[in-house]
Amino acid sequence: MTTTHTGAGAGIAAASPTTTRHVPGQPDMWFFVVFESLIFTSYFCVYLFNRARHETAFLQGQSHLVLWLGVLDTVVLLTSSWAVARSIQHARAGHHEAATRAALLTAACGVVFLALKIVEWTRLIHMGKTFTSGAFFPYYFFLTGIHCVHLLIGFVVLGLLLKQLSDPRRRSQETVETCATYWHTVDFFWVLIFALLYVVR
Amino acid sequence: MTRRARWTDPKRELWLAWYATVAFYSLYAVVFFLVTRTQPPGKPWYTPEQVAGWFAGRHTGLLVGFALIFVLGGLSATALALITYSIRRMSVSRAFAYSYLILYAIAAVPGFLFICVAMTVGTMRPGRDPAVLRWLYDLGFLSFSGTMGVFLLGSLIWMTAILLDRNGVFPKWFAYLNLCNALTEVVVAPSWLFHGGVLAWNGTIAWWINVVVFGIYTGTFIHLLRQVILREDFGTGPLPAAPRRDSAHRVLEEVMAS
Chain D
1 MTTTHTGAGA GIAAASPTTT RHVPGQPDMW FFVVFESLIF TSYFCVYLFN RARHETAFLQ
61 GQSHLVLWLG VLDTVVLLTS SWAVARSIQH ARAGHHEAAT RAALLTAACG VVFLALKIVE
121 WTRLIHMGKT FTSGAFFPYY FFLTGIHCVH LLIGFVVLGL LLKQLSDPRR RSQETVETCA
181 TYWHTVDFFW VLIFALLYVV R
Chain G
1 MTRRARWTDP KRELWLAWYA TVAFYSLYAV VFFLVTRTQP PGKPWYTPEQ VAGWFAGRHT
61 GLLVGFALIF VLGGLSATAL ALITYSIRRM SVSRAFAYSY LILYAIAAVP GFLFICVAMT
121 VGTMRPGRDP AVLRWLYDLG FLSFSGTMGV FLLGSLIWMT AILLDRNGVF PKWFAYLNLC
181 NALTEVVVAP SWLFHGGVLA WNGTIAWWIN VVVFGIYTGT FIHLLRQVIL REDFGTGPLP
241 AAPRRDSAHR VLEEVMAS
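Which chain is which? The protein sequence lines are D and G, in order.
Under the numbering used here, think of the first position of the first sequence as 1, with each following residue one higher.
Under the numbering used here, think of the first position of the second sequence as 1, with each following residue one higher.
Treat the hints loosely; a few may be bogus.
[Unchecked claim] Derived BS3-like pairs: lysine-lysine, alpha-carbon spacing no greater than 30 Å straight-line: (1) G:K43 <-> D:K129; (2) D:K117 <-> D:K129; (3) G:K11 <-> G:K172; (4) D:K163 <-> G:K172; (5) D:K163 <-> D:K117.
Just so you know, these hints were derived from the structure itself, not from any lab.
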């Protein structure tokens, strides 16, 4: 994936008068995106294969999920992705205070998402649907759980992003964009998980 | 290079450790997959009688394979030493190298040695109650697969060191491969809860996908350690680039030098 931007303003990126094309952030981070996507794809293939074999049991399990909670999760995370994208735009333009506010909004959305997930897990556990219940719930708890591990690492990454934005001596646009790439990846995985667990019935 | 010059090559100890690392991982694969056939793992849902049959069917392989591990398994220390050396070569604090060394040395006890001891006991005491054999079987596979999480912090320490390093000892993408490896090690933890299915100790997610990632990760770091040795200049600054292998470049360099 490439992006196009001009180095306008007093941003961290060089204020080149010409338009440059480059991969956002550290190119090595895209290795993580591709490799982790392959791993998640393999999990999704296993899920879909087993779902096709035990469709009734999976449908029965899925019927206990609340679709609007999943939609809300998705909206919150998409908002977080929008906020981190705004943060990058502000950082490129040299507006670091606005970039910091956008990054804080990203983190806040992440916390709301995590809280919603905990509410959803608690509700299901109270209904007797745990990690080992039936055919569907092991996948549900596994996929949402491993995604939340990625999200928790995302908070560390956002902390690094905020540190970069707040410290003019250590500021690096590449690092800021690398952090944002990680956060977008977490969001991307959630959209796929949401589609598979909540929507495909 | 003359024989004498080769013998006095200061890198020889590093090469010795690297070849020992290759020997260890080759031994590991051969013993676990071919000789003892403990990988892919046995079925988690086996009854005590089936477990007794499982031990009997692999009697010689288990004895020969784990005897080899008990004699040569210590070679794993060379891999650990080489990785620790590579972290020491970075511009980061030595605390990273020592943390990695201690963590992996301790983690190897449940993650590697428990299965060898449990399976050897089961093989050497075939007359015991099948329920006891089943307990040893569970202990072996659960400790081997279920404790993968103990390696997680080690991978994260290595990842952080690579990301902070200014000497360019490893490429940054390898730091992210460490993260991928750490995240798949978390995935094995549910095997404690399941007796069957994709998350059990022999499951598609908990074992097959995990072992593919681990295989890629191991092959990659062995290759990258080789590159580190090739590039090593025994200094403290950035590691120089690897020497070019193509003969045309070498000839050009020799002509330029003369």
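The hints, checked one at a time:
Of the supplied pair hints, the one linking K43 of chain G and K129 of chain D holds, its CA atoms being roughly 26 Å apart against a limit of 30 Å. For the given pair, K117 of chain D sits about 15 Å from K129 of chain D by alpha-carbon distance, which is consistent with the 30 Å threshold. This hinted pair checks out: K11 of chain G and K172 of chain G have alpha carbons roughly 24 Å apart, not beyond 30 Å. A threshold of 30 Å between alpha carbons decides the hint, and for K163 of chain D with K172 of chain G the separation of about 20 Å falls inside it, so the pair holds.
For the given pair, K163 of chain D sits about 27 Å from K117 of chain D by alpha-carbon distance, which is consistent with the 30 Å threshold.
Of the numbered hints listed earlier, not one is contradicted by the structure.
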